[in-house]
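Asks: Residue-level listing of the chains:
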Amino acid sequence: MKTTLTAGTASAEPGSLALGKLICEPLADAAEIFIALVVVNGAHTGPTLWIGSTIHGREIPGIEVCRRIAHEIINPAELHGAIICAMPLNPYGFRSQHHTIPQDGGNVNAQFPGDPQGTLSERTAYTIWTQGIPLCDYVIDFHANEPDGMEFMCATPCANKDVQARTVEMAEAFGFPLAQIRRDEWAYDRSLVAWAQDAGKPAILPEPLCQGALAEASVDASVRGVLNVMKWIGMIDGQIEPQTEIRVRGGHFRFVNVRTRKSGLAEYSVNGGDWVEEDQPISVVRDPWGNELDRVLCPTCGYVRSILPSSIVNAGQIIGTLLKPHERQELWGM
Amino acid sequence: MTNLTVGDCTVEPGKIGFGKLFLETLPDGGEAFIPLILVNGVYDGPVLWLGAAIHGCEVPGIEVIRRVTREVVDPNTLRGAIVGATVLNPYALRHRVSDAPVDSVNLNAQFPGDPAGTISQRAAHVILQEGIAYCDYAIDFHAATPIGMEFMCLPACKDPEIMARSQEIALAFGFPLVELTRDMFGYDRSLIGWAQDSGKPGFLCEVKARDRYVRSSIPHGVRGVLNVMKRIGMVDGEIELQSELVGAGGTYRLVDFRAGKSGLISFRTTAGGYVSRGDLIGIVRDMWGTELDEVLSPTEGYIRSMTDEQAVYAGQIVGAILEPHPKETLWTQVYRS
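Going down the list, the sequences are from chains A and B. If you use this note's numbering, the first sequence closes out at 334, no skipped numbers anywhere. If you use this note's numbering, the second sequence closes out at 337, no skipped numbers anywhere.
This is chain B alone, in the form it adopts within the complex (with noise of 0.2 Å):
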């Protein structure tokens, strides 16, 4: 192995550094940056990215990354390199929202970014030029809601290798893993597509929940990297199921349920609970204690995720539900429509 560079950081084998990928001057003199976390094996190997938070709002993967990387793997054992990024972000985590205030565009639906584009822009653009480009695989954290479950999501790929490799790792992870095509909320121009595009297996990982660290799921994210690591020969030792969560292991499509009418909604679900056709997922009453509507579910699955703001609005998307599907019949279209 040789000495590995990240932004200002540069790590001899067998070493953890910690260093600074250089965003943007402030308006104010100040500097923003992505901090990095740097562990550079004795052994030859891979090279994992670890990035957390591109939603400012969502924080959990920066302690799976601590963990992973500062009490876990050993640099005198490890094969390869891991590049943790703890903040992709650092412009709207500051803010504790999604998007940077100053553009309010999602980071991660620019990518490959624009080095004279907007600041968002330019952070896509050093993540991908600077960061990304050093590694072989990428795990892209993001963070679950409150009332929901633990899952992944794989966008489709043009390259069939890529794709299967992509596959294969994120089963080795082992939370429920979701298709998503490339016409779905802006993945054609999300961080893990253009990794992909660029030879580089990659999924998104959400682990509990959002702004806050869920004590219970650090560490199925903290086994999840573990497993990949183990699947392209990082590190020794047989993969963990993650058989304590709902859905382990399977495939599944994502489909949301909407409700019809402004109101309250009482659930009569739980996260994870599984659900048939026309069961009734929740009732929405006017502030007289009318009801106005009856939320049914429009599929068989688990119930991924409800609405914490339970003030909704018709037509709100008020939670999703992961339908079952094999493997084989997923991702076999890379757009949709």
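Extracted from the complex, chain A is given alone in its bound form (with noise of 0.2 Å):
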């Protein structure tokens, strides 16, 4: 028998969507500030899913596919389950249009499980594991790429075998590219995704295009992502439906970083989905006369995942990341 889903203060009837908010702590101006919910309860019994974004500020692209599932596609009435709609979980570096908490320089993906008595960054991550993640079985955590690179999402590695298995099994299902991060690369020990699937929650973090904009494309992709999640975890019915639109489909990788040995002007040639070659020159790095003073060339082979968004760099500079492709069994062991 279903039951009236509350998350922070919007509750939810079975068959219905109510909208809320998670209130998270003041600034000194005394102005209230939250994280916006959008809970949308299933008539029919099922898993509840979180889908978050914007946990870093600028990386907007999960909103508009939070509206587009929970108030154009997915009717209460047919759902199985219930979602969980939850932006911008970094509601004072949204507001400023920073990548993390302006106030304390904290990047919340990085505080999990926060603390209630700790900074801005400590207590917003604190919020979102003890008054949303809880309510949930299964975890998605959008964020954004640079607008030249290309889709693709993250997960991690999980002591607990099943968990990680399922996740991966989500992954593929979501269809994006899928880049293996280890626990101790970019305090990934300290992710919300880390954290929920130590807590046995399968979670992914999905990458769409660009970072303060909108890619419509790359918006259109990450909802048919969502949907066939909710298919592959019977929250909805119907085939999973391929990725057939991004440029690079499904796979599974590691990170490799390119980085200029000089500071100066770099000039690109290559672009965000691009299949590179070791060896191959991705840019000249010249100094304001015109002078060549770097080469930079690709460590390994790969897609190209992003290139920095600025022709302005300096010595030891990651400039671009690449997606080294590994077969399934040697990242995940399955």
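It is worth saying that the hints were derived from the structure and are not from the lab. Hints are not guaranteed to be accurate.
Stated by the list, open to error - Label-pair distances were calculated between CB atoms; the ranges are:
1. B:Ile283 / A:Ala187: 28 to 38 Å
2. B:Gln129 / A:Glu277: 49 to 59 Å
3. A:Ala187 / B:Lys230: 52 to 62 Å
4. B:Pro324 / A:Asp115: 57 to 67 Å
5. A:Asn271 / B:Glu238: 29 to 39 Å
6. B:Thr329 / A:Ala187: 51 to 61 Å
7. B:Ser276 / A:Thr6: 45 to 55 Å
8. B:Glu168 / A:Glu72: 46 to 56 Å
Backbone N, C-alpha and C define an ideal beta-carbon position, used for all residues, glycine too.
Both chains come to you apart, so use the hints to assemble them.
Replies: Shown next, in the form of structure tokens:
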């Protein structure tokens, strides 16, 4: 028997949609700060799916994905289970177009499980972790890649092999290329998806294109990905649809960074999604007089995940990242 | 032709030279300077100023200058000279921002500068007195937004002859040309405004995009510079139309459009698209997906730009339209107010 689902200030009866807020800490001007919630409670029993967006304040495409899923596509009367859409997960960074929380410089996605006595970023993580994620069985945490990049997603290994296997299957249902991030990379041991996995909830992190802007085709592909996941876990009926309109379709990868050895002005010769070979030039770096200082070569073969959206570069800086293909078994042991 | 000297660089006729225009000593003892590329032609002719990155995060002009001076123009056939000043605002470029963080002022609104002022005011003084002073024509490269069109700006000028010659070289360049009055955007104190008032025709060109070289746009900038050089007799050849650019060769007024409410805007048009008055440009929604505002086109014309930060605030300018007007009806007022 389905019951009312309450998240933050939103309570949705079975077969209905409700809007609400997850209240965060106010700022010094006393204005209310909150994470907006859209709760879709299906008429039928089933799992609860968390769709979060914008834990990095400029990474907005997931907001539009949530709107289309919750308001335009899903019929609560037919839905098995429930959806909790939460955005922006970093309301402080979102309103000032910052990646992190400007007031403390913290990356919310490296603060989990958070601290109710800590900084704003730690408190925000704590709010998400204690008032949102416990209500859910599966987690999709939308981020965004650079405009001149390619769609992909990340997942991280998990000590619980069953949760890891279901995470990988969930990612494969979504359909973007899957990059494995180890727990010791980019503070992923304190990320939302890592903590969700450790709490027994399969979790993926998709990255559609564009950060402060929306790319329509990428939003469309992300909506398709969410619907695929919902089909995979039995929330809606239908066949999983292949992601035929993104540049790289599926596969398993690891990140390989590309750095410039010199400071200067970079002219790039590849685009996001291009396949590159080892030692292929991807950029020439010149000084302001036009003298060539460095020719940046690919350290491996792979797809160009992203290119720095700036031609102003400094010595040692990562100016691009490649996705190097690996076998699924090799990365995930399955 | 005689030797050409700018900053610490002296170039003989038929040669290319590299040097610096010294600005200031920094607190750590390092030097701030503007990198110079000088091309001194074998034959007599005008001197053309090509400047870039006066807003430090607007870099495509640097690559345009490199290609023109180091790959395209031959000093042995050139009439006149080119002064390429690739980083006019080194204080800002090193931080990938528009204005120098130390004084937070727009260098392109500080002319004629002040040798006893802040670092940006001092830089404006050096650029005008030790750079522009040696030139006959000026092109100041800026950078269009990533979601936008290439275009040029031409501020109105009190001297009708300089105004006419500025129009002539800008139209030769070939991007869509936008009328500005001196009271818009601080243009009364801009580099081009002061160059014009010193008797040097000039305009401002926006290549794509911001702090990133866009491979498809750089060649348009190079072609435009060569067109200007053909027009003023520095090189031979026919002017090449920028026919692949939307709105090329036309003249326009700039009309902004704004969001009426704060929220997330979804655009219904694309940069370069043509809209009529009242057409739907975008929808602003709140975080719950509720529609708050429809942004309608205030006029007819090409969508010049749309913000690439779609989290917008009430009243924020979220884009601009190039409203077509015949050339004869524009630049008739130096100040609009």
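Asks: If you check each hint against the structure, which ones fail?
Replies: none
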